[in-house]
Structure formats: structure tokens, C-alpha cells
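4 protein chains.
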Amino acid sequence: MFASNSSRFSLIVGPCAIESHDTFSRVARYAKDMGVTALRGGIYKLRTDPNSFQGLGNRAFEIVEMSKKETGLPFVCEITDPRQIEDLGKIADVFQVGTRNMHNYELLKELGRCRTPILLKRGMAAYLDELLLASEYIRREGNEQIAFCERGIRSFERATRNTLDLSAVPYLKARSGLPVIVDPSHATGKRELVTPMCWAAAAAGADGLLIEIHPEPEKSLSDAEQALSLEDFKMMYERLVKILEVMGRTIEVNPQ
Amino acid sequence: MFASNSSRFSLIVGPCAIESHDTFSRVARYAKDMGVTALRGGIYKLRTDPNSFQGLGNRAFEIVEMSKKETGLPFVCEITDPRQIEDLGKIADVFQVGTRNMHNYELLKELGRCRTPILLKRGMAAYLDELLLASEYIRREGNEQIAFCERGIRSFERATRNTLDLSAVPYLKARSGLPVIVDPSHATGKRELVTPMCWAAAAAGADGLLIEIHPEPEKSLSDAEQALSLEDFKMMYERLVKILEVMGRTIEVNPQ
Amino acid sequence: MFASNSSRFSLIVGPCAIESHDTFSRVARYAKDMGVTALRGGIYKLRTDPNSFQGLGNRAFEIVEMSKKETGLPFVCEITDPRQIEDLGKIADVFQVGTRNMHNYELLKELGRCRTPILLKRGMAAYLDELLLASEYIRREGNEQIAFCERGIRSFERATRNTLDLSAVPYLKARSGLPVIVDPSHATGKRELVTPMCWAAAAAGADGLLIEIHPEPEKSLSDAEQALSLEDFKMMYERLVKILEVMGRTIEVNPQ
Amino acid sequence: MFASNSSRFSLIVGPCAIESHDTFSRVARYAKDMGVTALRGGIYKLRTDPNSFQGLGNRAFEIVEMSKKETGLPFVCEITDPRQIEDLGKIADVFQVGTRNMHNYELLKELGRCRTPILLKRGMAAYLDELLLASEYIRREGNEQIAFCERGIRSFERATRNTLDLSAVPYLKARSGLPVIVDPSHATGKRELVTPMCWAAAAAGADGLLIEIHPEPEKSLSDAEQALSLEDFKMMYERLVKILEVMGRTIEVNPQ
Numbered sequence: 027m028f029a030s031n032s033s034r035f036s037l038i039v040g041p042c043a044i045e046s047h048d049t050f051s052r053v054a055r056y057a058k059d060m061g062v063t064a065l066r067g068g069i070y071k072l073r074t075d076p077n078s079f080q081g082l083g084n085r086a087f088e089i090v091e092m093s094k095k096e097t098g099l100p101f102v103c104e105i106t107d108p109r110q111i112e113d114l115g116k117i118a119d120v121f122q123v124g125t126r127n128m129h130n131y132e133l134l135k136e137l138g139r140c141r142t143p144i145l146l147k148r149g150m151a152a153y154l155d156e157l158l159l160a161s162e163y164i165r166r167e168g169n170e171q172i173a174f175c176e177r178g179i180r181s182f183e184r185a186t187r188n189t190l191d192l193s194a195v196p197y198l199k200a201r202s203g204l205p206v207i208v209d210p211s212h213a214t215g216k217r218e219l220v221t222p223m224c225w226a227a228a229a230a231g232a233d234g235l236l237i238e239i240h241p242e243p244e245k246s247l248s249d250a251e252q253a254l255s256l257e258d259f260k261m262m263y264e265r266l267v268k269i270l271e272v273m274g275r276t277i278e279v280n281p282q
Numbered sequence: 027m028f029a030s031n032s033s034r035f036s037l038i039v040g041p042c043a044i045e046s047h048d049t050f051s052r053v054a055r056y057a058k059d060m061g062v063t064a065l066r067g068g069i070y071k072l073r074t075d076p077n078s079f080q081g082l083g084n085r086a087f088e089i090v091e092m093s094k095k096e097t098g099l100p101f102v103c104e105i106t107d108p109r110q111i112e113d114l115g116k117i118a119d120v121f122q123v124g125t126r127n128m129h130n131y132e133l134l135k136e137l138g139r140c141r142t143p144i145l146l147k148r149g150m151a152a153y154l155d156e157l158l159l160a161s162e163y164i165r166r167e168g169n170e171q172i173a174f175c176e177r178g179i180r181s182f183e184r185a186t187r188n189t190l191d192l193s194a195v196p197y198l199k200a201r202s203g204l205p206v207i208v209d210p211s212h213a214t215g216k217r218e219l220v221t222p223m224c225w226a227a228a229a230a231g232a233d234g235l236l237i238e239i240h241p242e243p244e245k246s247l248s249d250a251e252q253a254l255s256l257e258d259f260k261m262m263y264e265r266l267v268k269i270l271e272v273m274g275r276t277i278e279v280n281p282q
Numbered sequence: 027m028f029a030s031n032s033s034r035f036s037l038i039v040g041p042c043a044i045e046s047h048d049t050f051s052r053v054a055r056y057a058k059d060m061g062v063t064a065l066r067g068g069i070y071k072l073r074t075d076p077n078s079f080q081g082l083g084n085r086a087f088e089i090v091e092m093s094k095k096e097t098g099l100p101f102v103c104e105i106t107d108p109r110q111i112e113d114l115g116k117i118a119d120v121f122q123v124g125t126r127n128m129h130n131y132e133l134l135k136e137l138g139r140c141r142t143p144i145l146l147k148r149g150m151a152a153y154l155d156e157l158l159l160a161s162e163y164i165r166r167e168g169n170e171q172i173a174f175c176e177r178g179i180r181s182f183e184r185a186t187r188n189t190l191d192l193s194a195v196p197y198l199k200a201r202s203g204l205p206v207i208v209d210p211s212h213a214t215g216k217r218e219l220v221t222p223m224c225w226a227a228a229a230a231g232a233d234g235l236l237i238e239i240h241p242e243p244e245k246s247l248s249d250a251e252q253a254l255s256l257e258d259f260k261m262m263y264e265r266l267v268k269i270l271e272v273m274g275r276t277i278e279v280n281p282q
Numbered sequence: 027m028f029a030s031n032s033s034r035f036s037l038i039v040g041p042c043a044i045e046s047h048d049t050f051s052r053v054a055r056y057a058k059d060m061g062v063t064a065l066r067g068g069i070y071k072l073r074t075d076p077n078s079f080q081g082l083g084n085r086a087f088e089i090v091e092m093s094k095k096e097t098g099l100p101f102v103c104e105i106t107d108p109r110q111i112e113d114l115g116k117i118a119d120v121f122q123v124g125t126r127n128m129h130n131y132e133l134l135k136e137l138g139r140c141r142t143p144i145l146l147k148r149g150m151a152a153y154l155d156e157l158l159l160a161s162e163y164i165r166r167e168g169n170e171q172i173a174f175c176e177r178g179i180r181s182f183e184r185a186t187r188n189t190l191d192l193s194a195v196p197y198l199k200a201r202s203g204l205p206v207i208v209d210p211s212h213a214t215g216k217r218e219l220v221t222p223m224c225w226a227a228a229a230a231g232a233d234g235l236l237i238e239i240h241p242e243p244e245k246s247l248s249d250a251e252q253a254l255s256l257e258d259f260k261m262m263y264e265r266l267v268k269i270l271e272v273m274g275r276t277i278e279v280n281p282q
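Protein chains in written order, with this note's numbering: chain A, 27 to 282; chain B, 27 to 282; chain C, 27 to 282; chain D, 27 to 282.
To be clear, the hints were calculated from the coordinates, so they are not data collected in a lab.
Hints are not guaranteed to be accurate.
Each pair may be met inside one copy or between any two copies, as identical chains are not told apart.
To be verified - Here are the simulated SDA-like pairs of lysine to any residue, each with C-alpha atoms no more than 25 Å apart in a straight line:
| hint | residue 1 | residue 2 |
| --- | --- | --- |
| 1 | 95 | 34 |
| 2 | 199 | 251 |
| 3 | 216 | 185 |
| 4 | 245 | 92 |
| 5 | 199 | 166 |
| 6 | 216 | 158 |
| 7 | 268 | 55 |
| 8 | 135 | 77 |
| 9 | 135 | 247 |
| 10 | 268 | 34 |
| 11 | 94 | 83 |
| 12 | 260 | 33 |
| 13 | 216 | 201 |
| 14 | 94 | 141 |
| 15 | 260 | 273 |
| 16 | 199 | 250 |
| 17 | 216 | 186 |
| 18 | 216 | 200 |
| 19 | 135 | 83 |
| 20 | 58 | 274 |
| 21 | 199 | 184 |
| 22 | 216 | 244 |
| 23 | 268 | 33 |
| 24 | 199 | 77 |
| 25 | 58 | 142 |
Given only the sequences and the hints, what does the whole structure look like? Please build it.
Written out as C-alpha cells, the structure is:
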């Protein structure tokens with residue numbers, strides 16, 4: 027699904043957390059019609075505050091299965107515990123390791139024994155060289171289908187949720203030969219900044235984008251300030267295609 | 027074992043990783059003679075680089091058991107996976123959650139169901155308020171024996187391994203009522219800075235210290251630059267006792 | 027010279043420091059032929075280490091005057107002390123306030139009394155909101171020709187010299203209405219990363235670029251690792267023009 | 027006035043900004059009675075926001091002169107422009123270079139030509155090695171009476187105003203032989219954290235403290251949240267003296 031130094035570009039979209047069949051299905055169908063590579067959506071949300079909405083958990087399985095069937099799109103799913111591999115494996119086409127688990131080496135080792143591709147997010151304060159080393163925990167167990175995800179680092183700046191480090195894109199690609207996806211939603215935490223950062227990521231040579239979209243962002247149960255509306259997404263998409271053309275790339279719409 | 031706002035101070039010492047019976051036993055007996063609260067030592071080391079020394083693993087169990095019997099001192103042991111709870115529980119008097127796992131909420135939840143005290147280290151880029159929230163993942167499952175550990179944060183500064191944030195001590199104590207231990211070894215990464223930071227931590231009101239010591243630091247298989255020699259430790263100890271006296275505290279030497 | 031929300035894009039190029047007539051003139055003529063907006067080059071270099079090369083100082087004046095006459099290009103010049111305004115004003119078409127002086131409010135106030143446009147670089151650890159406030163020190167004295175420059179912030183990451191924060195571009199533009207220029211040379215400190223960051227900046231909506239170029243980068247007396255060679259610059263330029271076309275912009279080549 | 031590796035400890039106190047004769051005189055007399063080394067107080071305040079209170083400016087001169095005469099205490103005064111040297115030199119016994127001017131090399135060079143001692147504050151994102159190099163700009167012009175001031179660095183943490191880096195104390199002392207003063211008021215920005223950080227700094231081996239005190243902190247025109255009240259200061263002082271005794275030091279009360 028992921029490809030480095032190729033002409034294909036991965037566009038992965040969906041809500042932060044899967045909240046209801048209605049919302050997810052609406053997003054999935056819209057995304058399919060626009061032309062995207064895969065869907066995303068949190069099932070078990072890792073939340074800093076244990077009192078925050080933690081995701082639908084197993085109730086989300088059926089919702090995902092229906093949308094996958096309806097759209098034919100693959101599904102990228104965060105995994106937080108080695109004991110989830112079997113269950114989540116039934117619906118996940120890609121396992122995403124979130125920023126809080128980049129250093130969870132026990133999890134990485136077990137994912138190395140799967141055949142499912144891994145989207146490995148950068149730890150919020152991980153050196154790029156640590157991210158490269160973390161991928162070795164997966165690769166040495168046999169799984170070589172790995173893509174990195176730059177999702178912003180924690181800096182002193184308070185105007186944005188994190189600081190998007192786009193120089194990570196050429197740095198990681200040159201040293202690993204692996205694809206690098208960018209997540210501008212978590213990086214900026216501000217809707218108005220997501221669109222320009224999507225374009226910037228494409229021009230920096232990123233191999234894909236992971237974007238939060240929501241039919242009614244202001245009603246989102248988590249990360250309400252950072253999801254693009256479907257209209258915002260369309261506007262972003264139209265110029266993205268043109269920048270990708272300059273970069274010699276096209277969005278992969280018939281994956282696998 | 028841990029006590030906040032009390033007159034007792036916890037001094038926890040040992041090598042970064044348990045390397046051999048001879049070395050660990052020598053450290054344990056020395057520490058017992060000086061007067062400490064507990065021993066520490068890595069069994070499974072979490073290393074950024076998968077090619078680095080990863081600890082002795084199960085072979086370290088027997089070494090720890092022998093030293094515990096010989097000295098009567100409790101043992102603080104890092105845990106990195108919920109599936110280790112049963113085995114490590116046989117030798118651990120305290121489970122330490124390392125900086126890389128502060129956000130590993132699945133692990134925290136399982137530790138909340140134990141009766142073993144938890145030493146919860148601050149994530150390398152965790153806000154203090156996130157550390158407070160992480161403790162809630164443990165506490166809400168029923169385990170209220172929690173101590174925090176400030177071990178340095180990742181800042182721009184390159185002269186030290188991390189930046190020790192001693193203001194964390196009064197901040198966390200005031201908001202949680204829980205004890206706060208300081209680890210100056212990982213915080214500074216430089217032997218020459220460890221001793222003054224031990225004294226500073228005590229004067230800041232810390233409830234204990236977690237210190238790496240090694241009979242021959244330069245021969246240590248991990249973190250060779252930050253362990254105190256036994257002579258350094260003695261020099262540190264003597265002034266520490268005097269500062270603790272000013273603070274109205276004494277080192278707890280007969281725990282539990 | 028600077029324009030926000032317009033179709034014009036400012037491309038400002040030159041060596042880090044002016045080292046000799048031969049080198050500067052070669053760069054200036056090459057840049058003129060390619061099509062750029064202005065020249066840059068350090069006269070008095072601010073160096074962290076007082077033993078480093080500090081720039082040619084006054085000897086650079088004549089070099090700059092000759093190249094300006096030869097190419098007709100305006101010159102952007104760093105200023106570090108209010109007492110330099112008169113002298114530097116003879117050759118500077120834009121005064122650049124460097125990262126080390128963003129908080130030098132005495133300097134900012136005096137520059138506010140000039141009629142020369144100001145390129146105000148972000149302090150290496152300045153909040154974006156502090157950069158906005160710093161511009162007020164200039165504006166309230168009467169000078170409203172101000173452009174911001176994002177040049178990377180100091181983060182924990184050690185793979186790059188600084189961390190380029192491209193989300194600064196839309197953030198600053200939305201709040202100030204002023205143009206934002208990006209300096210990918212100081213931001214990354216690595217030649218291989220400069221070109222992709224130039225393209226990314228353009229796609230993020232930047233109003234210009236400030237780039238170090240040098241005929242023989244490896245022989246540069248300062249910042250040798252970050253200057254683009256003239257060949258690198260040409261390759262960067264060709265794709266930049268296409269990205270700018272997507273963004274509805276063209277490089278301003280006949281300024282003023 | 028400053029002394030490294032000696033038994034003397036410098037305690038420098040005063041309000042953030044000099045607001046009125048009444049307030050400053052009350053602080054000065056209280057401080058004199060408790061036993062301190064010097065007074066401090068801002069005359070021209072460097073404020074991020076140009077609309078904030080900027081200090082009394084020249085009207086503060088007379089206030090300072092009266093309090094100096096009344097108490098016999100020397101006065102530490104921030105300087106922000108080389109053109110202030112002559113005027114401020116009439117009342118300043120020490121010139122303080124603030125965090126925003128550590129990289130203002132033109133100012134440092136001119137201060138190197140004075141005979142007044144310099145208190146050089148660390149830039150908010152300066153590497154310790156850059157602070158050491160900045161002192162060379164002063165020293166090579168002839169002024170060797172330099173003390174450093176650690177005042178907190180800008181990190182990702184938002185619970186405190188800055189992050190106090192006490193490991194700077196032994197690091198700088200070992201490499202420069204110069205004294206290191208700690209400013210816990212600006213470092214923490216929270217009154218409740220100032221007192222424990224004063225004690226910690228003393229135990230870390232600091233050669234002095236720079237503390238904001240105010241008779242009515244909540245009425246302070248700047249930095250109201252971080253000034254100690256006179257009662258807070260007394261409580262801090264009493265334990266400080268005991269910690270200094272353990273460190274083999276006493277507060278210098280009859281300076282010069």
C-alpha cells in the first residue's frame with residue numbers, strides 16, 4: 027500500500043475516532059467519491075486524560091466492516107497492545123503505531139512478526155534517528171512493510187498543538203528508503219493550518235497524507251478543532267492534485 | 027515504601043543493568059552498609075537501538091533473589107509489558123514504569139490491578155499535567171501506591187542528556203499528594219553533574235532519589251558515563267544526609 | 027519589495043558572508059541571469075564564537091556597491107546595532123534583523139523611524155505571538171514596511187540545525203496581513219534538505235525565500251554545509267517556478 | 027561582588043520593576059535588615075508587548091540613589107543598549123545583561139570595555155556552550171568580572187514559565203571558573219515554586235540568587251505571579267542559611 031520513491035501518493039482520511047455508523051459511512055463514501063487511498067478512524071482512542079472519550083472499542087468493528095464493504099477502501103487502524111493483533115487484524119489493512127507507542131518495543135517486536143503493513147508514527151519527542159532505530163525492532167523480526175509518519179514534535183511553541191517538522195520527510199527517506207507519510211492534523215491542531223501543511227508536505231516529497239476529516243467538525247467527540255470539513259477537504263484536494271503533478275505523482279485510488 | 031510529606035526519604039541505588047552476580051552483589055552489599063532504602067537494576071533494558079545490550083533477562087532473576095536475601099533490601103524493577111507482571115512480580119517490590127511507557131495506557135491499567143507499588147517515570151516530553159493524568163489510569167483501577175519520578179525532559183540543550191526539571195517536585199507534590207522521586211543519573215547523563223543534582227533534589231523537597239552506581243563505571247555495559255563510583259556515592263551521601271537534616275528528613279533504611 | 031497576498035514572490039539569494047569581490051560578483055550575476063528578486067550577504071556576521079570569521083565589515087561595502095550596479099538588484103543586509111543605520115543605509119535596500127536581535131527592542135524602535143523595509147527574523151525560541159508583538163515595536167514608530175522571516179526554531183532534534191516551522195507561514199499571515207519569507211538554509215543547516223524545504227515553503231503559501239548559495243559551498247568561510255551550489259540552485263529553481271504557478275504566483279524579477 | 031568557589035554567597039533582591047519610591051524603599055530597608063548582598067530593580071523594562079508597562083525610566087534614578095544611600099547596598103541594573111552605559115553607570119554597581127540580549131554582541135563588546143561587573147543571563151534558548159562563548163565577547167575586551175545567571179530555558183512544558191536548568195550551575199562553574207547565580211523567579215514564574223528552587227540552587231552549588239520580592243506581589247505592575255512577599259522571603263531565607271551552612275557558605279552582607 028505504501029510506496030517510496032514511486033509515483034504513487036497515499037491519501038488516508040477519516041475521523042479522529044469512529045463515533046457512529048452514520049458519520050463514518052458518510053465520510054467513507056465522500057472520500058471514495060473524491061478519490062482516496064484508504065480510510066482511518068480510531069477504535070480504541072489513546073487519550074491523555076482517562077476521563078476523555080476512549081473510542082467505541084469493539085462496537086466500531088461492525089461499522090468499519092460495513093464501510094470497507096461499501097467502498098472497497100482499505101482501513102488503517104491504530105494498535106496499542108500486542109494482545110489486540112488478532113482481533114484488529116480482522117479489519118485492519120495497516121496497523122498504525124501511535125506517537126505514544128513508538129518506544130513500546132514489545133509491541134514493535136510483535137508487529138514485526140505480522141504480515142500486515144505498519145505505519146510507525148514518530149514519538150512526540152523522538153529524534154529522527156530514534157525513529158529509524160524503532161523501525162529496526164519491526165524489520166528484524168521479518169516485517170519489512172513499514173512507512174513512517176511525521177506528526178509534529180513537541181516544541182516550546184504554543185500557537186500550534188505540535189510543530190510539524192517537514193524536514194523529516196527528505197531526512198528519513200534518504201536514510202531508510204522507506205515511505206514517509208505526514209499527518210498535518212495532529213501536527214498543527216488547527217483546521218486553518220491543515221490545508222497549507224498538506225500542500226507543503228506534498229511539495230517536500232512526502233509519500234502520503236493522513237488527514238482527519240469530519241462531516242461536522244465542530245460536533246466531533248475528539249480533536250474537534252483540527253478536522254477538515256468535507257468542503258475544506260475538497261478545496262485542499264484540488265490544489266493537492268496539481269502540486270502532486272509537479273512532483274510527478276498521482277494519488278493511489280485502486281490500492282493493492 | 028514511598029512516603030510523601032513525611033520525614034522519610036527513599037534512596038534507591040543500583041547499576042543501570044544487571045550484568046553479573048559479582049557486580050550486582052558488590053553494589054548491593056555496599057549500598058546496604060551505607061544505608062539505603064532499596065536496590066534497582068535493569069533486567070530487560072529498553073534500548074533505543076535494538077543492537078544495544080538488552081539486559082540479561084531471566085538470567086538476572088537468580089542474581090536479584092540472592093542479593094535480596096543477602097541484604098534484605100527491596101527491589102525496584104522496570105516493567106515494559108503487561109505479560110511480565112506475573113514473572114517480575116516474584117522479585118519486584120516496586121514496578122517502575124519507564125519514560126518510554128508513561129503513555130502506554132494498557133500497561134498502566136493492568137498495573138492498576140496489582141497490589142505492587144508503582145514508580146511512574148515522566149515521559150521524556152510529557153507535560154507535568156499529563157504525568158498527573160497518567161497516574162489516574164493506575165489509580166482508577168484500584169492501585170493507589172504510586173510515586174512519580176522526574177528523570178529529565180528533552181530540551182534543546184545538548185550539554186546534558188536531558189534537562190532535569192526540579193520544579194516538577196513541588197508542582198507534582200502540591201497537586202497530587204503523591205511522593206516524587208528524582209533520577210539525576212538519566213537526567214544529566216554526566217557523572218560530574220549527578221552529585222550536585224542529588225543535593226539539589228533533596229533541597230527542592232524530593233521524597234527520594236534513584237541513582238545509578240557501579241563499582242567500575244567505565245566498564246558498565248550501558249550508560250557508562252553517568253553511574254557514580256562507590257567512592258563518588260559515599261561523598262554524595264555524606265552531604266545528602268546533612269541537607270536532609272535541614273529538610274527534616276532521614277533516609278529510610280528499614281523499609282516495609 | 028515585499029508583498030503579502032499578492033501574486034509576487036520574493037527570491038533573495040547570496041552567500042552567508044561576503045568573502046571576496048570575485049565570489050560575490052559571480053553569485054550576483056548568476057542569480058540575475060536565473061531571475062531573482064534581491065541579493066543578500068553578511069557584512070558584519072554575528073557569530074556565536076568570537077573567534078569565528080566575523081565578516082569583512084566595511085571592506086564589503088565596495089563589493090556590494092559594484093554588484094548592485096552591475097546587476098541592478100536590491101540588497102538585503104543584516105543590521106545589529108542602531109549606530110549602523112546611517113552607514114549600512116547607503117547600500118541596504120532592506121534591513122534584516124537577525125534571529126539574535128528579534129528581542130533587541132532598542133534596535134527595533136530605531137528601525138521603526140527609518141523608511142527602509144525591514145525583514146524581521148523570528149528569534150530562535152520566540153513564540154509566533156512574540157514575533158507579532160516585536161513587529162509592533164517597529165510599526166508604532168512609523169515604519170510599516172515589515173516582512174517576517176521563519177528561519178527554524180530550536181527544538182530537541184539534533185539531525186537538523188533548527189526545526190523549520192512552516193505552519194508559521196499561514197499563522198503569521200492570517201494574524202498580521204504581512205508577508206512571510208522562509209529561510210530554509212539556516213533552518214535545516216543541511217544542503218540536502220534545503221531544496222525540498224524551498225518547495226514546501228512555496229506550497230505553504232510563503233511570500234518568498236531567503237537562500238544561501240555559493241559557487242563552491244565547501245570552501246565557504248561560514249555555514250559551509252548549508253549553501254546550495256549554483257547547480258543545486260538551478261535544479262531547485264526549476265521546480266519552484268512550477269509550484270508557484272500552482273499557487274498563482276511568479277517570482278518578482280523587476281523590483282521597485 | 028561575585029565570587030566563585032568561595033565561601034561567599036550573593037543574595038540579590040528587589041522588585042521586577044521600580045514602581046515608586048515608597049515601594050522600592052520599603053523593599054530595600056527590609057532586605058537590608060534581613061541581610062542581603064545587593065538590590066535589583068528594573069529601570070527600563072524589556073517587555074515582549076510594547077503596550078506593557080515599560081518601567082519608570084529616568085525617574086527611577088533618584089529612587090535608586092536614595093535607597094542606595096539609605097541602605098548602603100549596591101545596585102544591579104539591567105542594560106539594554108550601549109548608549110545607556112554612561113547614564114546607568116552612575117547608579118549601577120553591576121550591569122545585568124538580560125536573556126533577550128545574551129546574543130547582542132555589540133552590547134557585550136562595549137560592556138567588555140567597562141570596569142563594572144557584568145551579570146550575564148542565559149538566553150532563553152541558548153546552549154550552555156553559547157553562554158560560555160558569549161562571555162568571551164566581554165572578557166576579550168578586558169572586563170573579567172563576569173558572573174553567569176541561569177534563569178530557565180524555554181521548553182515544551184507549560185506548567186512553568188520556563189524550565190530551570192540547575193545542572194547549568196556545576197556545568198558552567200567547571201568550564202569557566204566564573205560564579206553562577208540562579209534566578210528562580212523568572213525560571214518558574216510561579217511564587218509557590220520559587221522558594222524550593224532557591225534552596226535547590228544553593229544545594230546545587232550556585233554562588234548566588236537573584237529573587238523578585240515585592241511588599242504586595244498581587245499589586246505588582248509586572249510579573250505579579252512570581253514575586254515573593256516579604257513574609258515568603260523571610261521563610262525562604264531561614265532555611266537557605268542552613269543549607270548554605272551545609273555547603274560551607276555564608277551570605278555576603280558587607281560587599282565590596
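Quick rundown of the hints versus the structure:
Within a single copy, residue 95 and residue 34 get their C-alpha atoms as close as 24 Å, which meets the 25 Å cut-off; across copies the closest is 48 Å, which misses it. Proximity of residue 199 and residue 251 under a CA criterion of 25 Å is satisfied inter-copy only: 20 Å between copies versus 30 Å inside one chain copy. In the homo-oligomer, the alpha carbons of residue 216 and residue 185 lie at most 25 Å apart both inside one protomer (9 Å) and across protomers (22 Å), since each shortest distance falls under that limit. In this assembly of identical chains, the alpha carbons of residue 245 and residue 92 lie at most 25 Å apart only when taken from the same copy (23 Å versus 59 Å across copies).
Proximity of residue 199 and residue 166 under a CA criterion of 25 Å is satisfied intra-copy only: 19 Å inside one chain copy versus 43 Å between copies. When the C-alpha separation of residue 216 and residue 158 is checked against a cutoff of 25 Å, the pair qualifies only between copies, where the shortest distance is 18 Å, while the shortest distance within a copy is 28 Å. Taking the closest pair of Cα atoms, residue 268 and residue 55 come within 25 Å of each other only inside a single copy of the chain (23 Å); across copies the shortest separation is 33 Å, beyond that limit. When the C-alpha separation of residue 135 and residue 77 is checked against a cutoff of 25 Å, the pair qualifies only between copies, where the shortest distance is 13 Å, while the shortest distance within a copy is 30 Å.
Taking identical chains as interchangeable, the C-alpha atoms of residue 135 and residue 247 lie at most 25 Å apart only when they sit on different chains, with a minimum of 23 Å there against 32 Å within one chain. Taking the shortest alpha-carbon separations for residue 268 and residue 34, both the intra-copy value of 14 Å and the inter-copy value of 20 Å come in at or below 25 Å. Only within a single protomer do residue 94 and residue 83 lie at most 25 Å apart by alpha-carbon distance; the minimum there is 17 Å, versus 43 Å between protomers. For the identical chains of this complex, residue 260 and residue 33 are neighbours both inside a copy (22 Å) and across copies (23 Å), given an alpha-carbon limit of 25 Å.
In this homomeric assembly, residue 216 and residue 201 come within 25 Å of each other (Cα to Cα) only across copies, at 14 Å, whereas the closest approach inside a single copy is 31 Å. For the homomeric pair residue 94 and residue 141, the shortest alpha-carbon distance inside one copy (20 Å) is at most 25 Å, but the shortest distance between copies (43 Å) is not. Taking the closest pair of Cα atoms, residue 260 and residue 273 come within 25 Å of each other both inside a single copy (20 Å) and across two copies (16 Å). Taking CA atoms no more than 25 Å apart as the test, residue 199 paired with residue 250 passes between copies only; the shortest distance there is 23 Å, against 32 Å inside one copy.
For a Cα distance limit of 25 Å, the shortest separation of residue 216 from residue 186 qualifies both inside one copy, at 7 Å, and across copies, at 24 Å. With identical chains, the CA atoms of residue 216 and residue 200 are at most 25 Å apart between copies only, with a shortest distance of 13 Å across copies and 30 Å within one. In this homomeric assembly, residue 135 and residue 83 come within 25 Å of each other (Cα to Cα) both inside a single copy, at 24 Å, and across copies, at 16 Å. Taking the shortest alpha-carbon separations for residue 58 and residue 274, only the intra-copy value of 22 Å comes in at or below 25 Å, while the best inter-copy value is 29 Å.
Taking the closest pair of Cα atoms, residue 199 and residue 184 come within 25 Å of each other only across two copies (17 Å); inside a single copy the shortest separation is 29 Å, beyond that limit. Taking the shortest alpha-carbon separations for residue 216 and residue 244, only the intra-copy value of 12 Å comes in at or below 25 Å, while the best inter-copy value is 35 Å. In this assembly of identical chains, residue 268 and residue 33 lie within 25 Å of each other by CA distance both inside one copy and across copies; the values are 14 Å within and 18 Å between. Taking the shortest alpha-carbon separations for residue 199 and residue 77, only the inter-copy value of 22 Å comes in at or below 25 Å, while the best intra-copy value is 38 Å.
Taking the closest pair of Cα atoms, residue 58 and residue 142 come within 25 Å of each other only inside a single copy of the chain (22 Å); across copies the shortest separation is 50 Å, beyond that limit.
No hint from the list above goes unmet by this structure.
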